[in-house]
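Asks: One-letter residues, chain by chain:
There are 2 protein chains.
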Amino acid sequence: MKIFVAQLDPIVGDIKGNVKKIIEEIEKAKSQKADVIVFSEMVVTGYPPEDLVHYEDFIDKAEKAVNEILPYTKDLMVIVGTIRRNLQGVGNPIYNTAAVLCDQNLLGYKDKTLLPTYDVFDERRYFCEGADQKVFSYKGSKIGILICEDIWGHGGQVRYTKYKRDPVEELKKLQPDIVVNLSASPYYFQKKDTRIQTCLKAYETLKTPLILCNQVGANDQLVFDGYSFVLNDKGQLVYMAKGFEEDSFLFDTEIKYQEKTFAVDPEKDLFEALVIGVKDYFIKQGLKSAHIALSGGIDSALVLCIAVKALGKENVYPIFMPSRFTSLESIEDAHFIASNLNVSLKEIPIDEMFQNYLNLLSPYFYGKGPDVTEENLQARIRGVILMAFSNKFGSVVLSTGNKSEMAMGYATLYGDMCGGLDVLIDVSKTRVYSLARWLNRDKEIIPQRIIEKAPSAELKEGQTDYESLPSYEIVDTVLEKYVEEYYSVEDIVKAYGYPEKLVEELVKKIHRAEYKRRQGPPGIRVTKKAFSIGRYFPIVQKWV
Amino acid sequence: MKIFVAQLDPIVGDIKGNVKKIIEEIEKAKSQKADVIVFSEMVVTGYPPEDLVHYEDFIDKAEKAVNEILPYTKDLMVIVGTIRRNLQGVGNPIYNTAAVLCDQNLLGYKDKTLLPTYDVFDERRYFCEGADQKVFSYKGSKIGILICEDIWGHGGQVRYTKYKRDPVEELKKLQPDIVVNLSASPYYFQKKDTRIQTCLKAYETLKTPLILCNQVGANDQLVFDGYSFVLNDKGQLVYMAKGFEEDSFLFDTEIKYQEKTFAVDPEKDLFEALVIGVKDYFIKQGLKSAHIALSGGIDSALVLCIAVKALGKENVYPIFMPSRFTSLESIEDAHFIASNLNVSLKEIPIDEMFQNYLNLLSPYFYGKGPDVTEENLQARIRGVILMAFSNKFGSVVLSTGNKSEMAMGYATLYGDMCGGLDVLIDVSKTRVYSLARWLNRDKEIIPQRIIEKAPSAELKEGQTDYESLPSYEIVDTVLEKYVEEYYSVEDIVKAYGYPEKLVEELVKKIHRAEYKRRQGPPGIRVTKKAFSIGRYFPIVQKWV
Chain A
1 MKIFVAQLDP IVGDIKGNVK KIIEEIEKAK SQKADVIVFS EMVVTGYPPE DLVHYEDFID
61 KAEKAVNEIL PYTKDLMVIV GTIRRNLQGV GNPIYNTAAV LCDQNLLGYK DKTLLPTYDV
121 FDERRYFCEG ADQKVFSYKG SKIGILICED IWGHGGQVRY TKYKRDPVEE LKKLQPDIVV
181 NLSASPYYFQ KKDTRIQTCL KAYETLKTPL ILCNQVGAND QLVFDGYSFV LNDKGQLVYM
241 AKGFEEDSFL FDTEIKYQEK TFAVDPEKDL FEALVIGVKD YFIKQGLKSA HIALSGGIDS
301 ALVLCIAVKA LGKENVYPIF MPSRFTSLES IEDAHFIASN LNVSLKEIPI DEMFQNYLNL
361 LSPYFYGKGP DVTEENLQAR IRGVILMAFS NKFGSVVLST GNKSEMAMGY ATLYGDMCGG
421 LDVLIDVSKT RVYSLARWLN RDKEIIPQRI IEKAPSAELK EGQTDYESLP SYEIVDTVLE
481 KYVEEYYSVE DIVKAYGYPE KLVEELVKKI HRAEYKRRQG PPGIRVTKKA FSIGRYFPIV
541 QKWV
Chain B
545 MKIFVAQLDP IVGDIKGNVK KIIEEIEKAK SQKADVIVFS EMVVTGYPPE DLVHYEDFID
605 KAEKAVNEIL PYTKDLMVIV GTIRRNLQGV GNPIYNTAAV LCDQNLLGYK DKTLLPTYDV
665 FDERRYFCEG ADQKVFSYKG SKIGILICED IWGHGGQVRY TKYKRDPVEE LKKLQPDIVV
725 NLSASPYYFQ KKDTRIQTCL KAYETLKTPL ILCNQVGAND QLVFDGYSFV LNDKGQLVYM
785 AKGFEEDSFL FDTEIKYQEK TFAVDPEKDL FEALVIGVKD YFIKQGLKSA HIALSGGIDS
845 ALVLCIAVKA LGKENVYPIF MPSRFTSLES IEDAHFIASN LNVSLKEIPI DEMFQNYLNL
905 LSPYFYGKGP DVTEENLQAR IRGVILMAFS NKFGSVVLST GNKSEMAMGY ATLYGDMCGG
965 LDVLIDVSKT RVYSLARWLN RDKEIIPQRI IEKAPSAELK EGQTDYESLP SYEIVDTVLE
1025 KYVEEYYSVE DIVKAYGYPE KLVEELVKKI HRAEYKRRQG PPGIRVTKKA FSIGRYFPIV
1085 QKWV
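Residue numbers (the working numbering), protein chains in the order written: chain A, 1 to 544; chain B, 545 to 1088.
Note that these hints are calculated values from the structure, not bench results. Just so you know, these numbers come straight off a predicted model, no measurement behind them. By construction, the Cβ of each residue, glycine as well, lies at the ideal position given by its N, Cα and C atoms. Some clues are possibly wrong.
As the list claims (entries may be wrong) - The list that follows gives simulated cross-link-like pairs (lysine-lysine, DSBU-like), each with its CA atoms no further than 30 Å apart:
(1) K572/B with K508/A
(2) K61/A with K708/B
(3) K618/B with K686/B
(4) K572/B with K542/A
(5) K706/B with K683/B
(6) K164/A with K142/A
(7) K288/A with K618/B
(8) K509/A with K708/B
Said to hold, decoys possible - The following label-pair restraints were derived from C-beta to C-beta distances:
(9) A998/B with E68/A: 46 to 54 Å
(10) Q448/A with K1045/B: 56 to 64 Å
(11) Q104/A with K1038/B: 32 to 40 Å
(12) R159/A with E891/B: 33 to 41 Å
(13) I567/B with R159/A: 52 to 60 Å
What the hints assert, rightly or not - Going by beta-carbon spacing under 10 Å, a handful of chain A positions derived as facing chain B:
(14) Q88
(15) Y126
(16) Q285
(17) P322
(18) S344
(19) K346
(20) G520
(21) V544
Hey, can you work out the whole structure from these sequences and the hints?
Replies: Here it is as structure tokens:
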């Protein structure tokens, strides 16, 4: 049996465009004599459509899409992820489902059983739990269908809940010959390995070839890495599609494939995730150009590299806005990185404007010494200038705050936090450095000096981040353990031997900055727990 | 049987403080010879604690709270809302539950059955569904316990799902003598009436006295209106606590109460909801003072009234920041409202600063005519000034954008959208006017001229809102039907006869402004569907 796996990058809500893509893939599959074509989860609507599914006309249009695809299914079975109404009268109004079409007939639907409702997933808000497992017979083979999470409960990889049902065990009873999994499985650091391990667990139970078709591309804050793959009847990984781009392939159960090994390069994956995160944010909205505040520091240098890769250097406009506190090194480094990337750099000094504000405000601030007010003023003047360029030229500002800064509140709201998308929102400072080193692996793209110098916001004389923070190694360890792994302060102290006061202070800073993050730009999620999506903490609370 | 109903305003995560309050109420109940005391849903942790419940030490502390309360339960039954661990090994890790304590013994728990997971509720993210209904016998009466949503499925008031179980019908089989409902039922416009109607439906099935104890106060964006009440054995409303403040009362099943009627004044409720929304945001964070940009228009005038009521006039600092486009009327009106409310008004002209930016940017904008850039610049200069005051004096900026503006994107990101809390984020322009008229019912607090003049952002010569928008009657109708009721464009055209192009354009504006709202301040939710909480739409989408 020849199975064509279509790894697509759908646009949320673009049912017409997505159906067009689906039909094109079907034609491609036919030309390769495929028997079956598998698409990813909810490829018809794009994933996740969120509250769009509360509109009846949205559901109507998604349901009708099946009819538009039907005429193209002659001599072929099509398994396509979509939504359909729940007509039972109880439960949520729709299913997350796979429509099975064959020879211009709709054979039926296989609904998703396990509905993840944790972290970035909200499926029990929208969907009704599928009743039974099913197999669909075609050309002498029984094809079992699972949808994304259906396979994850079995793998023991879900930390937030323990499902009552196990669709893998349920499906096993129906003795399928081949199992396909339709996924919209978002990327986080090293997720690919976890995904393969999870499918291997399912293989151990099912003992059939297992084909996972994943969505690729970014929607808002979520990146889908693709990397669709096949485990053969021996549980060997014999095929894997490309990551971070559309890529379809044919798998033939009759062919003996060699077991494949794949280069493990998590930094490369992370970089590509950030690139497609930026690219799809722009392309899918019909946007083209970006403005970036280049400071001479490492974060904006890295964002510039990502933006140039995503949008092309002709569409990226860095602006350097020095003040009285900007160091000579920063001036040189900003120009160095811009010329390295062959983008022209505008230099707009803000010192005069800063002085204007100081003069305007001085009568009201009489008797009060300088404090964070004056630091924030500089960041906000830069924000105003950037946004003026964005408005005048129809570009998007890319902001550059990293996860460690967002955690600590070490950023100015309406200042350096201005932007349509925060590229590094989920990349810790430690990982910013490792990514910069990875980028420089063959050639010095980011000047080595930027990587080596002590990080500074340069908002007052002689400032460095370490004035108000311990080393980023400590900050990032606390960040990872407290935010991603839900360690308590006590657990962190026990595990790492940091002073309790220090850990407590860092955790307090994380909660105190909640009000800032609430108003920060959306940003690309690349870890198991991002600030920007799937994390909900009250601003007003007295726990911490 | 004497039942004491304790309507409290807990602080999220302040388990220690909440337990202290609970014990004080128990003492009060004892002094009134109560047999039973009922608290609201999750009063121990405050509602909603959101992801705080992912921390094991948070659950530990909440579980231990029961032990702290136990010693105070001699000769009294205490029914108190809290959380507890699910020890079954399947499902979500905790229950939303009522602990039943009596005579220094823990009699047991009654877990919440229906877990709302729509709009502002995310309970299936966190909680495990309760297994059975239960009654607890005390002094010859069987007391049935329902928790908030448990009563709402029966009432047919849930639009997003249809529950499989009906706890009211289940409980009926256990033949309770009295039923209590522990609620954290958030306010929206006219919700009180809906809540009473819902309980009347439950009464029709249960035919027992029904006592609803609701949370009061605001947590972040949610306001809980209180208004705890009693339906007697004839289904008559015989007692209702105050709205928007802590208020406890004793209900005696042996006394024949008169049926009570209550004045219906939805504008008063709305005003009080906004006041407590502001007040609790400040008090619960230990904040005191607010800065407000007063423009001479109706929105900021109304916010000033609300802030003065919530924080006291000595804590509210309006700033008037005229530009070349500010009208003489606005200058007069801003001063008029400030003097009406007896607050001193700072006047800081921004025109020179505006000119400074124009000069700074002109070399880069050469050949480009004026557009929205220059309008936004003015709003952003005001934002920078306001935030400097906020930083320097440790105050919070209250922003004043109303729901209609937020819908249409008729606001400047990082400009007038600056602020810790947007007071009117869920109040449409039409309702802003009706609230202003209500405020003026006895005395002209908001100058009549502000109410009567055409609304204008005054960011360019001769500007009014109607340049780019139809009347607010149309905007607000489309807003309500499209956002709150999920009408399609077609349905709105059919129902109201507006031109299809116009409705389409308004709906497009709503979606196009998604990126702005994502970065707007949190704001007080007062309708069935707010932009600020419980509404999730993709920024990147091609449905609209």
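Asks: Taking the hints in turn, state whether each one holds.
Replies: Hints and how they fare:
1. Pair hint K572/B plus K508/A does not hold up; C-alpha atoms about 35 Å apart against a cutoff of 30 Å.
2. For the hint linking K61/A to K708/B, the alpha-carbon distance of about 28 Å falls within 30 Å, and the restraint holds.
3. Between K618/B and K686/B, the direct Cα distance comes to roughly 19 Å. Compliance with the 30 Å bound is thereby established for this hinted pair.
4. Proximity of K572/B to K542/A is assessed by CA-CA distance (about 25 Å); at most 30 Å being required, the pair is judged to hold.
5. For a cut-off of 30 Å, the pair hint linking K706/B to K683/B is broken: about 37 Å separates their Cα positions.
6. Between K164/A and K142/A the alpha-carbon distance is near 26 Å, which keeps this suggested pair within the 30 Å criterion.
7. Distance restraint check for K288/A and K618/B: the Cα-Cα separation of roughly 71 Å exceeds the 30 Å cut-off, and the hinted pair is therefore not satisfied.
8. For the hint linking K509/A to K708/B, the alpha-carbon distance of about 43 Å lies beyond 30 Å, and the restraint is violated.
9. In this structure, A998/B and E68/A meet the distance hint of 46 to 54 Å, their C-beta atoms being roughly 48 Å apart.
10. A C-beta distance of roughly 58 Å is found between Q448/A and K1045/B, which places it inside the suggested range of 56 to 64 Å.
11. Checked against the hint of 32 to 40 Å, the pair Q104/A and K1038/B passes, with Cβ atoms roughly 35 Å apart.
12. Remark: the range hint 33 to 41 Å for R159/A to E891/B is contradicted by a beta-carbon distance near 56 Å.
13. Checked against the hint of 52 to 60 Å, the C-beta distance between I567/B and R159/A comes to roughly 36 Å, which is inconsistent with it.
14. The closest approach between the C-beta of Q88/A and any C-beta of chain B is roughly 9 Å, which is under the 10 Å cut-off, so the hint is satisfied.
15. Interface hint at Y126/A: satisfied, since its Cβ lies 9 Å from the closest Cβ of chain B, which is below the 10 Å cut-off.
16. A distance limit of 10 Å between C-beta atoms decides the matter here; for Q285/A the minimum to chain B is near 6 Å, and the interface restraint holds.
17. Against a cut-off of 10 Å between C-beta atoms, the interface hint on P322/A is violated, since the closest Cβ of chain B lies about 14 Å away.
18. A distance limit of 10 Å between C-beta atoms decides the matter here; for S344/A the minimum to chain B is near 12 Å, and the interface restraint is violated.
19. A hinted interface residue such as K346/A counts as satisfied when its beta carbon comes closer than 10 Å to some beta carbon of chain B; here the least separation is about 7 Å, so the hint holds.
20. Given hint, G520/A at the interface with chain B, holds; its Cβ is 7 Å from that chain's nearest Cβ, closer than 10 Å.
21. Of the supplied interface hints, the one on V544/A holds, with its beta-carbon coming within about 7 Å of a beta-carbon of chain B, less than 10 Å.
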